[in-house]
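Line by line, the protein sequences are chains A and B. Each residue of the first sequence is one higher than the one before, counting from 1 in our numbering. Each residue of the second sequence is one higher than the one before, counting from 1 in our numbering.
Rather than coming from a laboratory, the hints here were simulated on the basis of the structure. Take these hints with a grain of salt, some might be off.
In the DSBU-like style, the derived pairs of lysine-lysine whose C-alpha atoms are separated by at most 30 angstroms in a straight line are [claimed, not checked]:
id	chain 1	residue 1	chain 2	residue 2
1	A	Lys122	B	Lys2
2	B	Lys2	A	Lys126
3	B	Lys2	A	Lys63
4	B	Lys2	A	Lys52
5	A	Lys157	B	Lys2
Pair by pair, the computed Cβ-Cβ distance ranges are [unchecked claim]:
id	chain 1	residue 1	chain 2	residue 2	range
6	B	Glu153	A	Tyr41	41 to 51 angstroms
7	A	Cys170	B	Lys131	52 to 62 angstroms
8	A	Phe19	B	Phe99	49 to 59 angstroms
9	B	Asn189	A	Leu11	44 to 54 angstroms
10	A	Met141	B	Glu121	23 to 33 angstroms
11	B	Asn178	A	Tyr41	46 to 56 angstroms
12	A	Asn90	B	Ile19	15 to 25 angstroms
Part of the chain A face toward chain B, derived, beta carbon under 7 angstroms [unchecked claim]:
id	residue
13	Gly13
14	Tyr54
15	Pro82
16	Asn149
17	Asn150
Where a beta carbon is used, it is the ideal one built from N, C-alpha and C, also for glycine.
One-letter residues, chain by chain:
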Amino acid sequence: MTWLIYLFLSLIGLALSLFIVNILESSMITHMLILYPVIIYLGFYFGCVLLKHYPNVTNSWNKSGIAGVLIASFALIFWMIPRWIDASLNHLLIDVLKYGSLFLFVGVSLGISWKKLGPIAKAVIKIEFITMLYRLGWIYMISPDRLCNNYFLSEQKILGEALIVLAILCSILWLFPLFINKKSSAYKSMKTN
Amino acid sequence: MKLFESITIFFIVLIGCSILWTATEGGSIWTAESARRANILEMPLSMPNKIKIEMHNSQVKELANPKTNIVLIDFIYTSCPTVCVAMGAEFKRLQYELFNHPNYNNLSFLSISFDDSDKTENLNEYLERFKADKTKWQAAKFTSQIQKKKILELLEVVVLPDKQGGFIHNSAIYVQKNDAIVEILDFGNFNQTKQKVITYLESVS
Numbered sequence: 001m002t003w004l005i006y007l008f009l010s011l012i013g014l015a016l017s018l019f020i021v022n023i024l025e026s027s028m029i030t031h032m033l034i035l036y037p038v039i040i041y042l043g044f045y046f047g048c049v050l051l052k053h054y055p056n057v058t059n060s061w062n063k064s065g066i067a068g069v070l071i072a073s074f075a076l077i078f079w080m081i082p083r084w085i086d087a088s089l090n091h092l093l094i095d096v097l098k099y100g101s102l103f104l105f106v107g108v109s110l111g112i113s114w115k116k117l118g119p120i121a122k123a124v125i126k127i128e129f130i131t132m133l134y135r136l137g138w139i140y141m142i143s144p145d146r147l148c149n150n151y152f153l154s155e156q157k158i159l160g161e162a163l164i165v166l167a168i169l170c171s172i173l174w175l176f177p178l179f180i181n182k183k184s185s186a187y188k189s190m191k192t193n
Numbered sequence: 001m002k003l004f005e006s007i008t009i010f011f012i013v014l015i016g017c018s019i020l021w022t023a024t025e026g027g028s029i030w031t032a033e034s035a036r037r038a039n040i041l042e043m044p045l046s047m048p049n050k051i052k053i054e055m056h057n058s059q060v061k062e063l064a065n066p067k068t069n070i071v072l073i074d075f076i077y078t079s080c081p082t083v084c085v086a087m088g089a090e091f092k093r094l095q096y097e098l099f100n101h102p103n104y105n106n107l108s109f110l111s112i113s114f115d116d117s118d119k120t121e122n123l124n125e126y127l128e129r130f131k132a133d134k135t136k137w138q139a140a141k142f143t144s145q146i147q148k149k150k151i152l153e154l155l156e157v158v159v160l161p162d163k164q165g166g167f168i169h170n171s172a173i174y175v176q177k178n179d180a181i182v183e184i185l186d187f188g189n190f191n192q193t194k195q196k197v198i199t200y201l202e203s204v205s
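Next up, chain A with everything else stripped away, as it sits in the complex:
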């Protein structure tokens, strides 16, 4: 009997997710800055859990983590191309494929590969991520053409500004600690207070 309850709950969960996804897809900003990160994070969390229970998963071809990160990069770039975002908004099948690949190829792949990366690889990825945010944000802010048929030009400009703000935040968050000498007495006294 309990499987019936689970089925019922899953169906409700599915209907609710479809509803939420629909609402979030209606605005360019919520689509790109809330929906994409949430799906990717869910995959990332899943990948981390997978790695914890099976620490040698994909080690035959992904020991350094680079292969996984490359897969994630290609998949993410694909789903940021305006033509394919428009296609996913116009056709349900492409939408489903999009969320599937964001979850699996971007999220899970990153979840499995991130901890395998060395510090230099991590730093390179962080820097590339920040510069990508700056480039995209700038393009969206200054482009006179509507890149997506399904969104307004004003939304595009606001998204561009949001991406720049996000890039600045990431820059501060990740680069600021580089300038702190963790061995200095000032830092140590700050930590103990």
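With chain A fixed as given, assemble chain B onto it according to the hints.
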């Protein structure tokens, strides 16, 4: 194992780049708009039969039976303050500048409104605003929601209601040759549009 990993990375980059290359037709098509324009040049879209449009003079005609070999179509709504006015001005200028072309009688213009609240009076007023020669340039509206949706989806015209009772839409000029749409033109580029229309006129003489 390192060799296996390197080979895998090589193939991932190869396959990833090929997918992105195909997805953007060689790095040239990034937007849905440029995609549909390139596609239609390769594969003209036939107008479905039995799509009835109501003209500004209340006559009902079929989209697939154009009165001239070449018809320039645009999708408008008459209360549009910006884009549709610019498109109307471009049609007006084309009408004026191509008047003396020997094949001018093979050309006509059609402005179709996707706004359900546009009535035949609004269509007439739109044409009169641009001093249209109503034998050459006509305006029309759809007769049913299903047909409107079918045509707009077929041609990938995306209409978004804006917050002020108007619409944002991907505007363009559609070239209908006999019963198929053969090209989608940018409406802001007058000289290029004029040249292309002249080429089409000469192709049906």
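A quick look at each hint next to the structure:
Proposed proximity of Lys122 (chain A) and Lys2 (chain B) is supported: the alpha carbons are some 20 angstroms apart, at most 30 angstroms. With a C-alpha separation of about 25 angstroms, the suggested pairing of Lys2 (chain B) with Lys126 (chain A) holds against the 30 angstroms cut-off. A threshold of 30 angstroms between alpha carbons decides the hint, and for Lys2 (chain B) with Lys63 (chain A) the separation of about 8 angstroms falls inside it, so the pair holds. For the hint linking Lys2 (chain B) to Lys52 (chain A), the alpha-carbon distance of about 23 angstroms falls within 30 angstroms, and the restraint holds.
With a CA separation close to 45 angstroms, the supplied pair Lys157 (chain A) and Lys2 (chain B) exceeds the 30 angstroms bound. The hinted window of 41 to 51 angstroms between Glu153 (chain B) and Tyr41 (chain A) is violated, with their beta carbons roughly 34 angstroms apart. About 57 angstroms separates the C-beta atoms of Cys170 (chain A) and Lys131 (chain B), a value consistent with the hinted range of 52 to 62 angstroms. For the pair Phe19 (chain A) and Phe99 (chain B), the supplied restraint of 49 to 59 angstroms holds, since their beta-carbon distance comes to about 56 angstroms.
In this structure, Asn189 (chain B) and Leu11 (chain A) meet the distance hint of 44 to 54 angstroms, their C-beta atoms being roughly 52 angstroms apart. In this structure, Met141 (chain A) and Glu121 (chain B) break the distance hint of 23 to 33 angstroms, their C-beta atoms being roughly 42 angstroms apart. Here the CB-CB span from Asn178 (chain B) to Tyr41 (chain A) is close to 53 angstroms, well matched to the stated 46 to 56 angstroms. For the pair Asn90 (chain A) and Ile19 (chain B), the beta carbons lie near 20 angstroms from each other, so the given range of 15 to 25 angstroms is met.
Interface hint at Gly13 (chain A): violated, since its Cβ lies 30 angstroms from the closest Cβ of chain B, which is beyond the 7 angstroms cut-off. For Tyr54 (chain A), the suggested interface contact is broken, since its CB lies about 17 angstroms from the closest CB of chain B, more than 7 angstroms. The restraint placing Pro82 (chain A) at the interface with chain B holds, with a minimum CB-CB distance near 5 angstroms, inside the 7 angstroms limit. Evaluation of the Asn149 (chain A) hint against chain B yields a held restraint, the C-beta minimum of about 4 angstroms falling below 7 angstroms.
At its closest, the beta carbon of Asn150 (chain A) sits 6 angstroms from a beta carbon of chain B; the interface hint therefore holds under the 7 angstroms criterion.
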